[in-house]
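Q: Sequence:
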Amino acid sequence: MSTAAQASASVGARRSTTLLAVTLVILAGAALRITGLGAMSTLVHHDEAYYGVDALSLLASPRLTPFFPDNFGRESLWMYTLTPALAIFGGGAFALRLTAIFTGILTLAALYPLGRALFGPRAAIWAVAALAVLFWHVLHSHHAFRAILYPLVGALAFAVLWRAHRANRWPLWIAGGALLGLLLYTYLAARLWLILAGLLLIGWFITTPAQRRQIATAALIWGLISLPLVITLLDNPQTRIAQVAITSVDELIANMRAWVPVWVTHGVDEVVHNLPGRPILDAPLAILAAAGLIGGWWVVRRRIQALWIGLLLIASLAAAILTTAPLTMLRSVGAVIPLAL
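Counting from 781, one number per residue, gives the positions in the sequence shown under my numbering.
None of these hints come from the bench; they were simulated from the model. Note that beta-carbon positions come from the ideal geometry of N, C-alpha and C, so glycine has one too. Don't take every hint at face value.
Claimed, not checked - Okay, the calculated beta carbon distance ranges per label pair:
no.: 1; residue 1: Val1010; residue 2: Leu979; range: 15 to 23 Å
no.: 2; residue 1: Trp950; residue 2: Ile986; range: 16 to 24 Å
no.: 3; residue 1: Gly872; residue 2: Thr988; range: 45 to 53 Å
no.: 4; residue 1: Asn851; residue 2: Trp1039; range: 37 to 45 Å
no.: 5; residue 1: Phe869; residue 2: Ala996; range: 39 to 47 Å
no.: 6; residue 1: Asp850; residue 2: Leu817; range: 38 to 46 Å
Let the hints inform the model, and build the full structure from the sequences given.
A: The structure is reproduced here in structure tokens:
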């Protein structure tokens, strides 16, 4: 066998091994998320019921709407996501939970290309494995709240954008802009991710002159898709953010302090979105997270990507810290992506 043939066979074997590893990890994560579906198939939280009613209204009267004003106002993409399962299985809890479970599983799959674009395939597999067993995401993959959609769409958007920046291919830039536009329609906390996305595009625009046309096109597509919801929000300024936002530095400091014990000592005492008192990181994950924090900056050559992950974590937590109810696991659920990475 020639050297070229041997090299090709070696690359093929590595790809097959990587695909097998990713598949097994995703299947393990899927098993954790499917477990309990039967027990929860008759239980509905009142917010989940609102989502279901709005999704059923889309089936009864198909239309395009960026926003549902009831129940403090909600972005519409989750309701459209619910409609296929509701059309097939009827208007019960099973359809809602099934949609949430598959959204959680798809998030595992979406994390791999993001991790690969940032740090390579081996690190990406470990990131997917971390998210697969992270209780925070496992639990919320059982809940039919719209917040579960924004880690999925956000991970896909950033994966495509980082890949576009590296390969500089027009289809990737177009897809990245479209996904950023859709991200706005997922959950209010996603707006902080979009600010970070804007800063990322501005940075690339300044430092990579050869990609300026592509970046501008992605930004234009993002803006056009976002426009209907932006207009709606401008016409209705008293949205949920205005109702729950903090108003002083003292509140900000107190909220930041409240998050300190949540990580490894005493978690949020919340019945719906956590096991009361369970910390975010159990002992094994805490050890791995500490090792990653200590060694990651020095080992990883791509320090810009590592810095970006840190900023993504801050933006995710800020969605809760900047509100009057800082220890809300639902609002900060986007943090599962940078935590896994």
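Q: For every hint, state whether the structure bears it out.
A: Structure-based check of each hint:
Separation of valine 1010 from leucine 979 is about 18 Å and conforms to the stated range, judged on CB atoms against 15 to 23 Å. In this structure, tryptophan 950 and isoleucine 986 meet the distance hint of 16 to 24 Å, their C-beta atoms being roughly 21 Å apart. The hint said 45 to 53 Å for the Cβ distance between glycine 872 and threonine 988, and at roughly 50 Å that hint holds. For the pair asparagine 851 and tryptophan 1039, the supplied restraint of 37 to 45 Å is violated, since their beta-carbon distance comes to about 27 Å.
About 44 Å separates the C-beta atoms of phenylalanine 869 and alanine 996, a value consistent with the hinted range of 39 to 47 Å. The beta-carbon spacing between aspartate 850 and leucine 817, approximately 27 Å, falls outside the hinted interval of 38 to 46 Å.
Of the numbered hints stated above, those contradicted by the structure are hints 4, 6, listed in ascending order.
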